[in-house]
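A.B. asks: As a plain string of letters, each chain reads:
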Amino acid sequence: MLQIPLWRKVIIWAVVVLGLVLALPNAFYSRVEQANDARAEIETLGATPERLAAASRWPDWLPSGLVNLGLDLRGGAHLLAEVQVEDVYESRLNGIWPALRDGLRDARDTVGTIRRIDEGGAELRVRISRPEGLPRALEIARGLSQPVSSVAGLGAQSLAVSGAQTGDSAVVTITLSPEEQAASDDRTVRQSLEIIRRRVDEVGTREPTIQRQGEDRILIQVPGIGSATELKNLIGTTAQLTFNPVISRSADATAAGPGEVVYPSLDEAGVYYVLERTPVVTGEELVDAQPSFDQNGRPAVTFRFNPTGARAFGDYTAANIGSPFAIVLDEEVISAPVIQSAIPGGTGIITGSFTVEQSTELAVLLRAGALPAELSFLEERTIGPELGQDSIDAGRLACIVAFVAVLIVMAASYGLFGVFANIALIINVGLIFGLLSLIGATLTLPGIAGIVLTIGMAVDANVLVFERIREELKTARGPSRAISLGYERALSAIVDANITTFIIATILFTLGSGPVRGFAVTLGLGILTSVFTAIFVTRVIIAMWFERRRPKTVEV
Amino acid sequence: MRLKLVPDNVDFDWFKHARLTLGASVVAIVLSIVAWAVMGLNFGIDFQGGTTIRTQSEQAVDVGAYRAAIEPLDLGDVAISEVFDPTFGENVHRAMIRVQAQEGAQSVQEETLARLEAALQEIEPSLQFLSVESVGPKVSGELIQTAILAVLASLGAILVYIWLRFEWQFSVGAVAALFHDVILTIGIFSILQIRFDLATIAAVLTIIGYSINDTVVIFDRLRENLIKYKKRDLRDVMNLSVNETLSRTVMTSGTTLIALVALLVLGGEVIRGFVFAITWGVVVGTYSSVFVAKNIVLFLGVNRDGNDKDRKDDNPFANVET
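Chains F and S, in that order, are what the protein sequence lines are. Anchor point for the first sequence: position 190 equals 190 in full-length UniProt numbering, and the numbering is continuous, going up by one each time. Anchor point for the second sequence: position 169 equals 169 in full-length UniProt numbering, and the numbering is continuous, going up by one each time.
Read the hints as simulated data drawn from the structure, not as lab findings. Predicted model, so just to flag it, every value in this text is computed and none were measured. Do not rely on the hints blindly, as some may be mistaken.
[Stated by the list, open to error] A partial selection of chain F residues facing chain S, derived with a Cβ cut-off under 10 Å: (1) His78; (2) Gln340; (3) Ile343; (4) Arg381; (5) Ser391; (6) Phe403; (7) Pro446; (8) Glu467; (9) Lys552.
Glycine is no exception: its CB is placed at the ideal position from the N, C-alpha and C atoms.
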């Protein structure tokens, strides 16, 4: 019959109240947002009277989770970057070149003279003058290989070494093995992700989204930033700092021999430096960089290496006093000072013609670490805040109008039962917002459309039940029996109809991204809450009304 | 006084004009496919790559002047259109500029954007860029694949679900109705040349979800009535089922359409295409549930062996081999 055990009533109302309390902060959006920001600031920066005042505007015993607004509602920038993971192969191979060179030199009697003949890229090729020394050369090269340190590449070696005889000489070719490439790609993307996150965090915007997508892509969404270009500048497509030995200074941009590179000077037009391709130390070994001033009072950047970097830098400077070395940033030579004395402590200073802003920016870039590989941008979107506000206003108005219209139609069609359904519908929308806040979901413009659509469709389950009750009233013995039969018999249609829609929402969520995903979330949650409110909430309301009134006849 | 959209005890023969409705559906599908083949779809940058810029100015939009400013940049195909919306204020004029993906570039080209913005700002200093969106060809190619995959996966999942819950004839009928809805939606987008982008795909999937919802309610009643009236003609039982659920069909479609029309009129121009697709889909989906899905089930016939029926209720897999 219609009676519902007390414990079930309690649970149903408890869920409703919990959902509505969770939704409550969204009704006071800006106040709660300010209070949350103030609390976060107190946590990190310490309390000030203003912050405490702002924090106290929302009581801390109430939930303070808000529905995040998507970029299309708040404005901001969206970037989809692809990490050029192959870039790293070259520097990895450059890294083993000195050891390989030394190893082959030690075996000079067997392999003859050696010469690096590749032009960079994902292959390291060395020509040896004695073909009969090839097995020995291969052995030396293989000796530099290490086991791959990833789970997937367990048991594999890091280097793939092959040799070929050409006439009276032989060539040893070294590449990274496929397992090592996979491990390296993964590391590169994770490193890039971390560095991007640190750089975005430095400017402290609210709730940036920085996510890995697929194998080698990174999605970056920053609300409140002016444009995608600004965001790209912040991330810095590359900020590779290296220290390379200088071979010569020239006016010719094409003077590179094997194992050498030519980079232009940053501040002297038409001046090029020929450098050794393999750097002495790279920016990855930096632990700190700060803007400062040199002894002449010009802006400069001081830096400090980690122990490995400090040792390499100290050894090199000790061995090469009197010769110049270049500080290279993003393939441009910032300066090429002559080494005056050994620098053992691992600290140094970069001088050049900087402005104060430039030196500060450079220090930030260096401190955050260089991106290990270049990023290319596959997608970029800038949404202005005005457009977002327009969308929120329009969406809110549409929601209210749709809501009121549906409430009127329901009440007109089903009378008292329609009013019950309307109460459930209001609870339903509250629950959607409560769930969205609880899981920290992001509301997008299509998401608002999803809510409006849910308002229209949420009545469906109630309509199914009410229509069924009407039918049962014609045949069943009493109103109480008709009502419970109506619920019972409408259930299979409600379940089937909503499961199919839920399947669609799941597929949308899995395959979609950004706004589409936001739509899928509201649609899916809307299905859950509307089934809950239709099956349980209206039923409890009707049961309570029935118990109190005990009507002889019911009109639905 | 109650609002009654459907009178009590309707007794309407839904197959009376079966030829007409079938003909109408076939013609509509053929028209849609022809329009799709001949006129093509107005793909947004999500699927084609390129750049969309939304501008706002205080002066009225002069499409010719915009075009003249962009022409010297040699960017290939450029489409400029003024955007109207009842919610705009007095001195608000918006335009939408679309530039094709630049040749040979897999990613987004920053300097092209910068030049474009500078050129436009020169002729219209009050010009604001409300949004600038750029998608590289590499991503747009993948997005098309994902979109097709999403639609097929949805249809497949529904085919299987209905098959498990009902019988295979029902599942064929339901999916045929969904195809009908999807193709008609693509058709209207092609005929009206409305921008077809990722949001449209989301709309198409929503239509699939809505339409199947409607179909399932009728099927559910049909299943129940088939057990109740074992001796009655399948056609009669179908009519009965549709008539019994008609009030619900009209009510739910009605409230959904009320909500959607509110959104269509007041929701702003940014999502108008998306909302239009769903609104269209609700109309077409309701039609197809009543006229397409069950006609196909009637055509295929249903196994009404009594014993089989009883078993089926306990075990949804019992009829799989029929």
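A.B. asks: Taking 10 Å as the limit, does the beta-carbon of F/Ser391 come near enough to a beta-carbon in chain S?
C.D. replies: For F/Ser391, the interface hint holds, since the closest Cβ of chain S sits about 6 Å away, which is under 10 Å.
A.B. asks: Does the interface hint hold: is F/Ile343 within less than 10 Å of chain S, judged Cβ to Cβ?
C.D. replies: violated, 39 Å
A.B. asks: Against chain S, with CB atoms and a cut of 10 Å, does the hint on F/Arg381 hold up?
C.D. replies: holds, 4 Å
A.B. asks: With a cut-off of 10 Å, does the beta carbon of F/Phe403 approach a beta carbon of chain S closely enough for the hint to hold?
C.D. replies: It holds, given that the least Cβ distance between F/Phe403 and chain S is near 8 Å, below 10 Å.
A.B. asks: Is the interface hint for F/Pro446 satisfied, with its Cβ closer than 10 Å to some Cβ of chain S?
C.D. replies: Holds, about 6 Å.
A.B. asks: Hold the hint about F/Lys552 up to the distance rule: shortest CB distance to chain S must be less than 10 Å.
C.D. replies: With a closest approach of 19 Å, the F/Lys552 hint is violated.
A.B. asks: Taking the closest Cβ pair, is F/Gln340 under 10 Å from chain S?
C.D. replies: Check failed: Cβ of F/Gln340 comes no nearer than 41 Å to chain S, outside 10 Å.
A.B. asks: Would the stated hint for F/Glu467 survive a check requiring a Cβ distance to chain S of less than 10 Å?
C.D. replies: At about 5 Å, which falls below the 10 Å cut-off, the nearest Cβ of chain S leaves the hint on F/Glu467 intact, so it holds.
A.B. asks: Please verify that hint: F/His78, Cβ, nearest Cβ of chain S, below 10 Å or not.
C.D. replies: holds, 8 Å
Of the hints listed earlier, those the structure fails to meet are numbers 2, 3, 9, in rising order.
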